[in-house]
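> Top line first, the protein sequences correspond to chains E and L. If you use the numbering used here, the first sequence corresponds to residues 1 to 263, in order. If you use the numbering used here, the second sequence corresponds to residues 264 to 526, in order.
Simulated from the structure, these hints should not be mistaken for lab results. A hint or two may mislead.
[To be verified] What follows is a set of in silico ranges between Cβ atoms, one per label pair, in the way DEER data are often shown: (1) 455/L - 191/E: 25 to 33 Å; (2) 39/E - 292/L: 43 to 51 Å; (3) 429/L - 192/E: 58 to 66 Å; (4) 83/E - 455/L: 46 to 54 Å; (5) 419/L - 157/E: 34 to 42 Å; (6) 272/L - 161/E: 23 to 31 Å; (7) 302/L - 127/E: 49 to 57 Å; (8) 156/E - 299/L: 34 to 42 Å; (9) 216/E - 420/L: 17 to 25 Å; (10) 161/E - 428/L: 30 to 38 Å.
Because the structure is a prediction, the values reported are computed rather than measured. Backbone N, C-alpha and C define an ideal beta-carbon position, used for all residues, glycine too.
There are 2 protein chains.
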Amino acid sequence: MDEEDQDIAARLYVTAPLAAGLAVPLDADQAHYLRAVLRLGPGGAISLFNGRDGEWRGRLVELGKHKGLIALEARTRAQAAERDLWLAFAPVKRARIDYIAEKATELGVTRLLPVMTRRTNVARVNVERLQANAREAAEQTERLSVPQVDAPQPLDRLLDGFPAGRRLMVCDETGRAPSIATLLADPVARAADWAILIGPEGGFAPEELDALRKLPFVTAVGLGPRVLRADTAALAALAVFQALAGDWNTARGTLLSAAAVPI
Amino acid sequence: MDEEDQDIAARLYVTAPLAAGLAVPLDADQAHYLRAVLRLGPGGAISLFNGRDGEWRGRLVELGKHKGLIALEARTRAQAAERDLWLAFAPVKRARIDYIAEKATELGVTRLLPVMTRRTNVARVNVERLQANAREAAEQTERLSVPQVDAPQPLDRLLDGFPAGRRLMVCDETGRAPSIATLLADPVARAADWAILIGPEGGFAPEELDALRKLPFVTAVGLGPRVLRADTAALAALAVFQALAGDWNTARGTLLSAAAVPI
Chain E
1 MDEEDQDIAA RLYVTAPLAA GLAVPLDADQ AHYLRAVLRL GPGGAISLFN
51 GRDGEWRGRL VELGKHKGLI ALEARTRAQA AERDLWLAFA PVKRARIDYI
101 AEKATELGVT RLLPVMTRRT NVARVNVERL QANAREAAEQ TERLSVPQVD
151 APQPLDRLLD GFPAGRRLMV CDETGRAPSI ATLLADPVAR AADWAILIGP
201 EGGFAPEELD ALRKLPFVTA VGLGPRVLRA DTAALAALAV FQALAGDWNT
251 ARGTLLSAAA VPI
Chain L
264 MDEEDQDIAA RLYVTAPLAA GLAVPLDADQ AHYLRAVLRL GPGGAISLFN
314 GRDGEWRGRL VELGKHKGLI ALEARTRAQA AERDLWLAFA PVKRARIDYI
364 AEKATELGVT RLLPVMTRRT NVARVNVERL QANAREAAEQ TERLSVPQVD
414 APQPLDRLLD GFPAGRRLMV CDETGRAPSI ATLLADPVAR AADWAILIGP
464 EGGFAPEELD ALRKLPFVTA VGLGPRVLRA DTAALAALAV FQALAGDWNT
514 ARGTLLSAAA VPI
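Please put together the full structure from these sequences, using the hints given.
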């Protein structure tokens, strides 16, 4: 990284507007993190983003026990347009659902939709925790936005209210569907707006797969000959989608400053 | 799954030969797992594989505190040929390195090679632990083989002793390399034997990247515009490789019995 960025102590997501001359308040958790974890004092350099106004460099001007204030100095990166990509997934146990939220954020998902299916054996989803995992992943991996995390909903409701114009890519573990790469070889498929749907650890119930296959906006794809855990399937499908239909042909330099630190 | 497999209580990797009429001994850990975790008794149905002789159904005929014996009944799956694919990676901290071993196994890696680079900040690698993670992932995801795990070695030694005929795909986070999908659009590249190399959390040192680029068997590829953590990069590169150059066009049915349980 270049000298100018050597001193950036942290990268934080905020909801406040970011513009020249503004001072941005920190919440209690952020103030605690800067003070107790990073042991930062007034004058410390922070990088801020809010998903709308790009990335800004600022200086810590106040730091209390429960609040802080950052004076913005300059915009370091422009907000880049993002490909709209949803991940709908059946909740899995704690470590693996955290992992899905973190990795989906790194892989550019714009919206996370927990979906309850017949064989989903996780009763409760901590939406705030998923949102926190997504925010932290964005902060640590230079992303300029944080995916939206929806409240859990039954699969039926997702399908009933599915938006017109969007397509649903169902990762089908039965081995009957063509590979995801075969689908994405089609330019029409590559250009579409997609939601990727991953089933629970027990897989979709046969009646769920049958119902999904009957819907005009659904396309079933396969993820290869090996059984994949639900979290692996989510990540693998997202990586292949971004590599073939997403933004992997965009050079890092166009979105990141030369000073970007690989994580 | 069909009725016949409803009663399979566990799927275990063993080193002993598997053939009709043989009885296979279990080690102390396996005996403990069947007795204390699964509460299985004599007569319980077990599925066994050794990476050579396919998958066999057997019955527990003896189960002691530290040993057990399984009588083989029938072969349930043939040993399928596997695409030879290596993953060389700079060790990362515990949870993430466990994750790399698990996910690389699910994604069909045949050999895991921990590699020490300039910026690798993990001093020690527990090879036995990585091997156990790989074995467990194979047992739980229907794979019929377990990847080999090498002892850690310096990057220089990996490169000096790199086998003739194999190519090395370096995941380059600087954004200067063409996307992995661009490389794998070339049929010659798709047909080659590859090792994928993932750098440490701090990225490769500039001199390491320069040295790598000078080697005739090295090709640098990009993994998109977002910074990826080392474990995400490994998984994403493996998924894209298998989707484009690997075995993702093989229907699940050809490698797995109809009774395969999605994980």
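> Compare the structure with each hint and give your call.
Taking the hints in turn, this is what the structure says about them:
1. 455/L - 191/E: 25 to 33 Å: holds, 31 Å
2. 39/E - 292/L: 43 to 51 Å: Given range 43 to 51 Å: holds, Cβ gap about 44 Å.
3. 429/L - 192/E: 58 to 66 Å: For residue 192/E against residue 429/L, whose Cβ atoms are near 38 Å apart, the range 58 to 66 Å is violated.
4. 83/E - 455/L: 46 to 54 Å: violated, 30 Å
5. 419/L - 157/E: 34 to 42 Å: violated, 56 Å
6. 272/L - 161/E: 23 to 31 Å: violated, 41 Å
7. 302/L - 127/E: 49 to 57 Å: Check failed, 36 Å falls outside 49 to 57 Å.
8. 156/E - 299/L: 34 to 42 Å: holds, 41 Å
9. 216/E - 420/L: 17 to 25 Å: Taking Cβ atoms as reference, residue 216/E and residue 420/L lie about 56 Å apart, which means the hint is violated.
10. 161/E - 428/L: 30 to 38 Å: Hint violated: Cβ distance 54 Å, outside 30 to 38 Å.
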